[in-house]
Structure formats: structure tokens, C-alpha cells
Amino acid sequence: MKIANAIFPWAAGLAVLLFAVGLPIALVTSPPDYQQGETVRILYLHVPAAVMGEMIYYAMASGSAAYLIWRHPMAGLVAKASAPVGAMFTALCLICGMLWGEPMWGTFWVWDARLTSTLIMFFIYLGYIALGDAFEDPERGDRAAAILALVGVVNVPIIKFSVNWWNTLHQPASLSLTKSNMSGEMLLPLFLMMGAYGMFYVTVLVIRVRSELLAAKIRNARMSQIAGNEAAQAIG
Amino acid sequence: MMSMDLMTFLDMGGYARFVWPAYGVSLFSLLAILIFSLRSLKAREREFEALKSQRRGDRA
Numbered sequence: 001m002k003i004a005n006a007i008f009p010w011a012a013g014l015a016v017l018l019f020a021v022g023l024p025i026a027l028v029t030s031p032p033d034y035q036q037g038e039t040v041r042i043l044y045l046h047v048p049a050a051v052m053g054e055m056i057y058y059a060m061a062s063g064s065a066a067y068l069i070w071r072h073p074m075a076g077l078v079a080k081a082s083a084p085v086g087a088m089f090t091a092l093c094l095i096c097g098m099l100w101g102e103p104m105w106g107t108f109w110v111w112d113a114r115l116t117s118t119l120i121m122f123f124i125y126l127g128y129i130a131l132g133d134a135f136e137d138p139e140r141g142d143r144a145a146a147i148l149a150l151v152g153v154v155n156v157p158i159i160k161f162s163v164n165w166w167n168t169l170h171q172p173a174s175l176s177l178t179k180s181n182m183s184g185e186m187l188l189p190l191f192l193m194m195g196a197y198g199m200f201y202v203t204v205l206v207i208r209v210r211s212e213l214l215a216a217k218i219r220n221a222r223m224s225q226i227a228g229n230e231a232a233q234a235i236g
Numbered sequence: 001m002m003s004m005d006l007m008t009f010l011d012m013g014g015y016a017r018f019v020w021p022a023y024g025v026s027l028f029s030l031l032a033i034l035i036f037s038l039r040s041l042k043a044r045e046r047e048f049e050a051l052k053s054q055r056r057g058d059r060a
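Protein chains in written order, with our numbering: chain A, 1 to 236; chain B, 1 to 60.
Among the hints, erroneous ones may be present.
[What the hints assert, rightly or not] Here are the simulated PhoX-like pairs of lysine-lysine, each with C-alpha atoms no more than 25 angstroms apart in a straight line:
1) K52/B with K42/B
2) K160/A with K179/A
3) K42/B with K179/A
4) K2/A with K42/B
5) K52/B with K2/A
6) K217/A with K2/A
7) K217/A with K52/B
Rather than coming from a laboratory, the hints here were simulated on the basis of the structure.
With these hints in hand, go ahead and build the complete structure from the sequences.
Structure (C-alpha cells):
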């Protein structure tokens, strides 16, 4: 938590800075696409949201694994605190994708492999959140949700490779670690917005983990209070 | 001239009704989750402080 407190102001500051630089470039100075015109500006929201949705899922699954295997409480808290943020980014990816699909494909939605597997990831996020709250004993809920997160992780590579394995209306990736089919003028705002989303996640994550830690402390304090009262009654 | 430029910018090449809602809903969601997370942290901080001072009161 000390590390988290140390990086918090940097992450928050960087997020603000990257949004301040990235948004004007994404909206104003970057060029329209020669085929897609101004709708390409949706890319700077859609792709970072998609990347964050998947990255946060991996973070949530790793945290859940550490929680289940080593009973690492902090890892469990990170997973729990990440889930709503990941669900939000996945929803944004889907919504922005639909707003891009209608003018370019002529439809908001098709049940192709990429879109369907992304929707499934969104539902798994929702299931994780719901399952965590579904038990009277919070620890049982946390464990059940962690197992769901681990089962659901098989879906994430399917999202990534769906555009290669099946014929999808969704286009395959234009970017990989080694090469790019995009011009630098479009890569710059894309990377800036990815950075901004990433730093935003770190910022919100630290806030949410602090909050979860406090919730656990409050629970413990209440439990010992009840135990103390019962002991006092027994003596009295 | 300036207002003309602004109009073309807002028009987004005729795709205004797709581009602006995408930016609007993204901005709204990010702000919403940030504010919601901060408010829940503050509420728990208050609750925890209240519990602590109550305990001190019990001991005294």
C-alpha cells in the first residue's frame, strides 16, 4: 500500500496530462481517415477501451489466482477493486464500437466472433461483481467470484484471436509489437489515449483498494465490538 | 470565419451524431466511476473514524 500511495499522485497527474494532450490531438489536429472520414476519431476511444477491458481482466484473474492459491488478501482486493473499472471499459468499447459500426458497416451490431466474445467478457465481469456480493459470508463470495474470474480467462485470448480464427466483420489488428499499418499521425493520439486510460485505471484502482481496505477494517472492528459486548454480557 | 471553422469541427464531416455521443458517453462514464469511487472512500473513512472515536469512548 506504501507503493500505491507513492505512485498515486504520479498516476493521477499523468492521467490528467495525457488526456489534456491526447484529446485535442484525437479530436482536432489528427487527420480524418481517407476511407472512414471523421469517424476514425472513435478509434481513439474504442481501441484503448478494448485494450483496458482485456488488460484489467488479466489483472483481475491474476489477483484472483494469487488470492485462491496463496490466500494473498491484497491480491484479492486488487481483483475486486478492478472489476467495475474493467466492466466499464468493456462497456465503453462496445458502445463506441457500435457508434462506429453503424456509419461504417451499416449496422450497430452483428453476432460475429469478436463482438460476441467481447460481450461475453462484459457478462463475466458482471457475474464476478454479482457473485462477490451474493453470499452472507463475504469471504465465500470472494472465493466464488475468484473462481469465476479464473474460468472466464479462457475467453480473453479468444477475443484477441477471433479476428484471425474466424471470418469476422470486425477487422483484424492493425497494430502488433513489431509492425504497424497505421500512420504516425494516428498512432500518436492512439498511444496518448491508451496511456491516459491506463493511468486513469491506476488512479481509480488505488482509490478503490483504499476503500476496500477500509471496508474490511470496519467489518473487523464491528465483529470485535459484537464479541466484546457478548463477553461483557457473559461476565455481567 | 471562426464560427465557420467551429461549425465544420462540430459537424465531424456529417458524422457528428456518432462521434460526439462516443466522446460524451466515454467522458461521462470515466467521471462517474471516479466520483463514485471517491465518494465511497470518503464515506468509509468517516465511518471508520466514527468507530474509532466510539471505541476510545468505551475504554475511557
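Checking against the hints above, which ones are violated?
Per hint list: single violation, 3.
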